[in-house]
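Chains as they are written, first to last, in our numbering: chain A, 30 to 383; chain B, 30 to 383; chain C, 30 to 383; chain D, 30 to 383; chain E, 30 to 383.
Calculated from the structure, these hints are not laboratory results. It is possible that some hints are incorrect.
Which copy is meant is left open, because identical chains are indistinguishable; a pair holds if it fits in one copy or across any two.
Straight-line C-alpha distance at most 30 Å; calculated DSS-like pairs for lysine-lysine [to be verified]:
id : residue 1 : residue 2
1  : K130      : K219
2  : K60       : K40
3  : K219      : K380
4  : K236      : K40
5  : K277      : K86
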Amino acid sequence: MARVTKGRSKKAGLPPGTLIHIGARKVEEPKITILDYDENQFHEREVKAIEECFIFKDKPTVTWINIDGLHQVGILEKLGECYGLHPLVLEDILNTDQRPKMEDYAEYLYVVVKMLHDKGKRGEVEAEQVSLIVGPNFVFSFQESGGDVFEPIRERIRSGKGRLRKMGADYLMYSLLDASVDYYFVILEKLGERVEFLEEELVTNPKTQTLQEIHHLKSEMIFLRKAVWPLREVIGSLERGESPLIQKTTSVYLRDVYDHTIQAIDTVETFRDMVSGMLDIYLSSVSNRLNAVMKVLTIIATVFMPLTFLAGVYGMNFKHMPELEWRWGYPLVWTVMIGVGAVMLIYFKKKKWL
Amino acid sequence: MARVTKGRSKKAGLPPGTLIHIGARKVEEPKITILDYDENQFHEREVKAIEECFIFKDKPTVTWINIDGLHQVGILEKLGECYGLHPLVLEDILNTDQRPKMEDYAEYLYVVVKMLHDKGKRGEVEAEQVSLIVGPNFVFSFQESGGDVFEPIRERIRSGKGRLRKMGADYLMYSLLDASVDYYFVILEKLGERVEFLEEELVTNPKTQTLQEIHHLKSEMIFLRKAVWPLREVIGSLERGESPLIQKTTSVYLRDVYDHTIQAIDTVETFRDMVSGMLDIYLSSVSNRLNAVMKVLTIIATVFMPLTFLAGVYGMNFKHMPELEWRWGYPLVWTVMIGVGAVMLIYFKKKKWL
Amino acid sequence: MARVTKGRSKKAGLPPGTLIHIGARKVEEPKITILDYDENQFHEREVKAIEECFIFKDKPTVTWINIDGLHQVGILEKLGECYGLHPLVLEDILNTDQRPKMEDYAEYLYVVVKMLHDKGKRGEVEAEQVSLIVGPNFVFSFQESGGDVFEPIRERIRSGKGRLRKMGADYLMYSLLDASVDYYFVILEKLGERVEFLEEELVTNPKTQTLQEIHHLKSEMIFLRKAVWPLREVIGSLERGESPLIQKTTSVYLRDVYDHTIQAIDTVETFRDMVSGMLDIYLSSVSNRLNAVMKVLTIIATVFMPLTFLAGVYGMNFKHMPELEWRWGYPLVWTVMIGVGAVMLIYFKKKKWL
Amino acid sequence: MARVTKGRSKKAGLPPGTLIHIGARKVEEPKITILDYDENQFHEREVKAIEECFIFKDKPTVTWINIDGLHQVGILEKLGECYGLHPLVLEDILNTDQRPKMEDYAEYLYVVVKMLHDKGKRGEVEAEQVSLIVGPNFVFSFQESGGDVFEPIRERIRSGKGRLRKMGADYLMYSLLDASVDYYFVILEKLGERVEFLEEELVTNPKTQTLQEIHHLKSEMIFLRKAVWPLREVIGSLERGESPLIQKTTSVYLRDVYDHTIQAIDTVETFRDMVSGMLDIYLSSVSNRLNAVMKVLTIIATVFMPLTFLAGVYGMNFKHMPELEWRWGYPLVWTVMIGVGAVMLIYFKKKKWL
Amino acid sequence: MARVTKGRSKKAGLPPGTLIHIGARKVEEPKITILDYDENQFHEREVKAIEECFIFKDKPTVTWINIDGLHQVGILEKLGECYGLHPLVLEDILNTDQRPKMEDYAEYLYVVVKMLHDKGKRGEVEAEQVSLIVGPNFVFSFQESGGDVFEPIRERIRSGKGRLRKMGADYLMYSLLDASVDYYFVILEKLGERVEFLEEELVTNPKTQTLQEIHHLKSEMIFLRKAVWPLREVIGSLERGESPLIQKTTSVYLRDVYDHTIQAIDTVETFRDMVSGMLDIYLSSVSNRLNAVMKVLTIIATVFMPLTFLAGVYGMNFKHMPELEWRWGYPLVWTVMIGVGAVMLIYFKKKKWL
């Protein structure tokens with residue numbers, strides 16, 4: 030539940046473009062890494078001061094600056110000034126409760142996506158905001174904490190194999206988006222296992238906790254939906270290639286990410302449907318068990334109430350009760366009692382309650 | 030519930046443009062404040078008569094006239110006459126149950142938004158209508174009561190820092206919209222806390238009041254939805270820059286408010302989903318408790334009914350009941366009784382009712 | 030329920046344009062009134078024969094012919110012939126179960142709206158079909174019975190005050206639409222009061238009739254929805270000014286009616302949501318009461334069953350029951366009984382059932 | 030349930046255009062009737078061999094060939110060859126589980142609609158496929174069995190009255206569509222009566238069969254929806270007059286059918302809403318009755334359990350039970366018992382259970 | 030449930046175009062068959078090495094290469110190289126959890142559809158991915174396992190009858206699509222039978238398993254929906270003929286498949302509605318049975334509790350109980366008891382519980 034918009038209210042009344050980091054501070058020290066490459070050369074460096082990055086500004090090579098940790102607002106301010114970023118972009122980068130979106134500022138694109146992680150014992154899904162700024166020869170990526178989802182891409186750049194080193198900044202952006210979306214499936218598979226496990230538990234041994242787990246999964250789905258749905262539009266508008274920053278050849282690849290996004294959405298929706306169905310099953314299994322309990326009670330009561338009544342009758346102390354004097358009175362009463370009980374049981378048998 | 034359209038029926042049959050204030054009278058005396066500024070100069074005044082405002086009409090500076098309290102219809106009439114406002118606009122300003130909307134009257138834009146407040150012990154959300162009229166060099170804002178959401182903007186104008194003093198009337202309008210929407214998040218966070226609190230209470234200790242609180246929150250959401258949803262369209266159409274009164278540079282800022290609005294809508298929808306889910310949980314927890322109650326009843330009845338029957342049997346007064354004469358009859362009966370009880374309890378153990 | 034399409038089947042198999050009045054006959058004698066006016070002059074007359082109206086046909090003044098009562102098909106036929114109305118239009122006027130619609134026949138517009146009334150003790154909402162035919166200099170309005178919703182408009186024409194006398198037939202049409210839609214709010218407010226009353230009753234004292242009232246209100250909403258929803262499209266298409274019969278200046282006014290219509294739709298939808306929520310509350314309050322009943326039963330049974338068993342045990346007639354002979358046997362049994370009862374009650378206390 | 034796609038699987042794997050009749054064989058012998066007319070002349074004939082029809086092919090008069098019964102595939106093949114119909118059209122005519130659709134083959138239009146009938150005791154609605162092929166001077170109509178819905182149209186052609194004889198093939202098509210849609214209202218009215226009857230029964234005397242009837246009506250609605258919804262699109266696209274085969278003057282008439290279709294859809298949707306609401310009412314009335322039953326049980330148990338316990342106490346056989354010796358012990362016990370019972374009843378009275 | 034996205038996570042972090050087969054390995058050895066034909070000639074061959082296919086590349090005849098079994102990645106790589114297929118296409122072919130889609134790569138189209146099979150005792154529906162690549166003179170089809178749905182098409186090519194041999198590669202693609210969609214109806218009919226069977230069982234003899242079967246069918250529908258819905262868009266975009274690879278004459282045929290797809294979707298939706306309705310029925314039948322059980326219990330308890338109480342009273346051992354001494358006391362008590370019992374039963378009769 031800690032995922033509902035929080036801290037946002039701090040900003041009410043402040044002028045637009047005010048840089049305040051909203052979100053949990055996740056790393057001690059911001060970490061800035063630079064990867065600068067083209068087909069032939071490749072530089073990788075971790076820098077302390079953001080100013081070291083500015084030398085790459087006018088080089089034709091692709092420069093990828095990755096910043097982990099957003100709470101040191103100064104870094105962003107300097108970067109923004111050097112590259113001429115709009116104050117609202119800087120504000121949104123720090124505002125980590127954005128929904129995925131794409132904004133075209135002509136000289137650069139600003140893309141917000143959510144990276145998913147699962148944490149804790151119950152496998153709660155967490156979303157981290159990743160902001161990308163894509164220019165003609167640079168990509169800036171901003172994360173709240175150091176995620177390793179981008180590590181394989183760094184590896185591919187270092188090794189120089191494949192297409193990545195030969196293509197421009199737009200292809201790098203594609204690769205980052207692709208890595209994020211691909212990781213969704215890792216999360217979705219784990220969730221799928223939980224859904225399956227729950228479904229089995231529901232059939233074999235429904236417990237009160239099952240209900241809470243269903244509820245928990247349900248709100249997990251609401252959360253995932255919020256993170257994944259808007260992505261469709263984001264990548265869709267990138268793919269339609271309205272910006273000259275995105276080249277035709279990259280469009281095909283973006284369509285591929287688009288397909289994956291829709292698949293992820295599909296999966297989330299399927300899970301939602303399944304979890305909803307489970308609630309129905311749970312509720313009706315509760316009703317069924319109530320029915321079973323009531324049947325036991327009714328059978329016992331229906332069998333023993335008349336018998337107890339009979340016993341009560343012959344426990345009365347009237348002076349004149351001829352049956353009491355009979356030689357075979359007692360066995361007779363037993364016979365009657367067993368008869369009544371048997372009739373009742375046959376009746377329940379016929380009604381399929383036994 | 031007092032929020033459902035009321036007082037509207039007073040107007041049935043009246044000609045269009047009839048100025049009647051619909052809404053609770055919220056302030057004693059209407060308060061008119063003027064802020065007139067450009068990059069170099071700044072005037073602030075509280076006036077008694079609206080006529081004092083008219084001197085600013087033809088000045089190139091930006092004039093912001095804010096009117097708190099709408100019940101003195103005369104003020105509006107004079108202002109409308111001076112600035113050539115359409116009678117329907119004046120009527121709508123007084124009609125405080127408008128839904129958020131934007132109307133383009135070529136020379137000026139008419140924008141209606143809802144400002145949210147929370148009042149009372151239960152934190153009920155209230156909506157106040159704020160009407161904005163935006164011309165080339167003026168902004169009029171009309172409120173039912175004096176809200177302090179705009180105070181930070183006044184402060185920014187006074188201080189002369191930031192962008193506000195350098196930009197035109199459209200940027201002022203943006204600032205007012207932004208302040209209103211930003212305040213939504215304050216309200217939403219408080220609601221979010223109530224939702225979280227309720228969710229926890231639901232799991233740990235559901236009470237009958239919980240149900241009423243769920244219902245209450247649900248109708249709160251219906252209400253919020255009505256206030257926030259149409260805003261999307263309003264700001265969307267402002268942002269698309271169809272009116273020459275909105276400059277390109279302001280468009281970017283409006284897109285930012287647009288994003289915030291969608292985020293607010295998203296949050297409201299998430300709350301709705303969560304509150305709906307809670308009702309399901311509540312209902313099934315009621316069922317579960319019923320089940321638990323019934324199990325106790327059934328166990329007690331099933332254990333004691335046969336035993337009472339047995340006791341009843343040997344309470345009968347038949348002359349010839351050989352068991353009664355037996356030396357060990359009584360302990361034997363006790364043994365049988367304890368045996369029957371134990372069998373029953375084992376049966377329930379096996380059925381997992383204990 | 031009498032509102033579901035009826036009588037329509039009479040027309041199956043008949044050629045198009047066959048004039049048959051479908052609907053309850055609501056007035057004894059059709060009433061034809063003429064108002065003919067321009068800015069300077071004004072005539073009002075009630076005529077017996079429709080032919081008297083034809084003299085106004087070629088005058089430049091605006092002629093408003095209002096006909097209450099549709100069962101005398103001849104009137105319509107003559108009017109249709111004189112003004113060249115399409116047979117399908119005449120058929121639709123008589124067919125009082127049309128949904129609101131607008132049809133553009135180039136020389137004239139045909140508009141169908143629903144006027145709402147509430148009748149009877151339970152305040153059931155009824156809808157009456159009002160057909161408008163709007164030409165360059167005439168408006169014909171057809172009602173099933175004489176409604177007084179248009180009376181204020183007649184009054185305004187008579188008095189000559191305001192805009193109405195100065196404007197054309199399109200403005201008159203607007204006024205009629207506005208009067209109808211404004212009256213919706215009268216109906217909606219009454220419904221709102223019923224909804225509020227019901228909601229309060231639901232919380233304080235839910236009864237079986239409450240359920241029926243909820244159901245009743247629900248189908249009232251379904252009915253209202255059917256009457257109001259299509260109006261949005263009707264007025265929307267009038268407002269977009271696709272017909273040359275609607276002047277630009279009137280468009281602004283139509284936008285106002287459009288807003289009112291959307292507000293009415295909004296209110297209906299809010300009511301629907303509220304009534305739906307009530308059903309949930311009702312159902313769970315029923316469950317809660319069942320729970321309460323079952324708890325009482327269980328407590329009583331759980332306390333008294335073991336006690337009755339104990340009493341039964343010492344009511345047995347075994348020869349050798351040492352306890353019976355004990356000096357303090359009887360008080361001891363009472364002590365045990367009170368102890369058992371107390372233990373049970375403490376158990377229930379702990380379980381929060383008491 | 031027999032309405033779910035059946036027999037369709039027979040066609041899997043066959044080449045397109047394979048003529049196999051799918052559907053129940055409904056008539057013994059196919060019946061071919063020809064009506065050939067223009068404003069001045071009129072021929073009607075029932076033919077045995079389809080070849081007799083071909084002489085009308087090049088005449089300027091309108092030729093209406095109606096074929097009842099589709100299982101003799103040869104007829105269709107010859108007709109298709111003579112008039113150059115696409116094999117897929119012929120295949121679709123025989124495939125009687127098409128959804129309503131319109132296909133424009135330039136020289137002719139192919140229209141599929143559903144004719145509704147109600148059959149059997151429960152008034153189950155059945156749908157029969159009617160295929161229309163409309164060319165410049167011919168209309169072919171194909172029915173599975175001989176329906177009399179088209180009889181009034183034949184009558185109108187024979188009599189020569191009205192517009193029909195003066196207009197072209199497109200107007201004939203309109204008339205056939207209109208007749209089909211008009212008949213929907215006959216069916217809908219009958220259904221409406223069943224819905225009303227059920228609603229009344231639900232309130233006054235809900236039975237288990239009521240539930241089944243609700244379920245039955247619900248699936249009836251699903252079925253109707255499937256037949257009526259697509260018609261909207263079909264007639265809509267005809268009305269928009271994209272085909273030169275449809276004349277402007279006929280467009281107006283098609284708009285009228287379009288309106289009727291929407292009205293039919295509206296009615297179906299209203300019924301659906303009403304039937305859904307009924308299920309809720311039924312379920313809560315079941316809950317209410319359960320509540321009532323449980324209250325009776327609880328009252329009885331709560332009153333008699335303590336009393337029986339008391340009686341049991343004084344039925345114990347302890348030697349030393351001073352009360353038993355008292356002179357007024359017995360009446361005293363009765364007094365206590367009556368007192369306890371009265372207290373219980375007062376308690377229930379206060380709780381409004383009585 | 031094994032149908033939820035699986036194995037997908039293996040690909041996270043890999044570069045795009047990496048060829049990894051995702052899905053269960055279904056055949057031992059990939060099987061490659063070639064059919065090469067035009068109107069006059071026809072070759073069919075099963076090849077071991079994919080290289081044998083390349084000789085057909087530049088021939089004007091239509092070449093259909095069908096590959097069953099995807100786990101030997103090398104085959105695909107070579108084919109891709111020879112025909113210049115985009116690496117993403119090859120990747121998607123191996124990724125068997127694609128949703129149906131169509132991608133236009135100018136020189137060729139890439140189409141993904143799902144072929145449905147039912148397997149196992151419960152008739153669980155399985156979906157197999159079929160990828161089609163369609164060029165000017167070739168069609169490649171890729172299946173996970175050897176399905177026989179395409180066998181009739183092969184037969185038609187061999188026999189040379191019909192249109193197939195005379196048309197191009199686009200018509201072959203159409204035929205393959207048509208065969209797949211036609212087979213959906215075989216699956217849907219079987220499902221329909223299960224739905225019907227279940228519905229009958231629900232009415233006559235609802236069991237706990239019925240609920241599980243309903244749940245099972247429901248998730249079957251979710252699964253089917255996912256497979257069939259996107260197909261609508263796929264075939265729709267093929268039919269609109271945006272690609273020059275699709276000829277006009279084939280468009281008509283594609284429209285036919287389009288209609289079938291919509292019909293299949295319609296059927297799935299109808300099943301969904303029916304299955305949803307069943308759950309409601311099941312739940313209320315459970316409630317009804319609970320009601321019936323409770324009535325039996327209540328009747329028994331209400332009849333016997335007062336009687337047992339009476340018997341208990343006269344089982345008390347008070348010294349002074351005058352009734353016990355009466356000559357007719359015992360028969361009198363019996364009379365009273367029978368009277369009380371009869372009154373109770375009459376009461377229940379009146380309440381319609383018996």
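Now for the hints, and whether the structure bears them out:
In this assembly of identical chains, K130 and K219 lie within 30 Å of each other by CA distance both inside one copy and across copies; the values are 26 Å within and 26 Å between. Proximity of K60 to K40 under the C-alpha cut-off of 30 Å is found in both arrangements, the shortest distances being 26 Å within a copy and 28 Å between copies. Taking identical chains as interchangeable, the C-alpha atoms of K219 and K380 are never at most 30 Å apart, the minima being 46 Å within one chain and 33 Å between chains. Proximity of K236 to K40 under the C-alpha cut-off of 30 Å is found in neither arrangement, the shortest distances being 44 Å within a copy and 36 Å between copies.
Within a single copy, K277 and K86 get their C-alpha atoms as close as 24 Å, and across copies as close as 28 Å, so both meet the 30 Å cut-off.
In this structure, the earlier hints numbered 3, 4 are contradicted, and the remaining ones agree with it.
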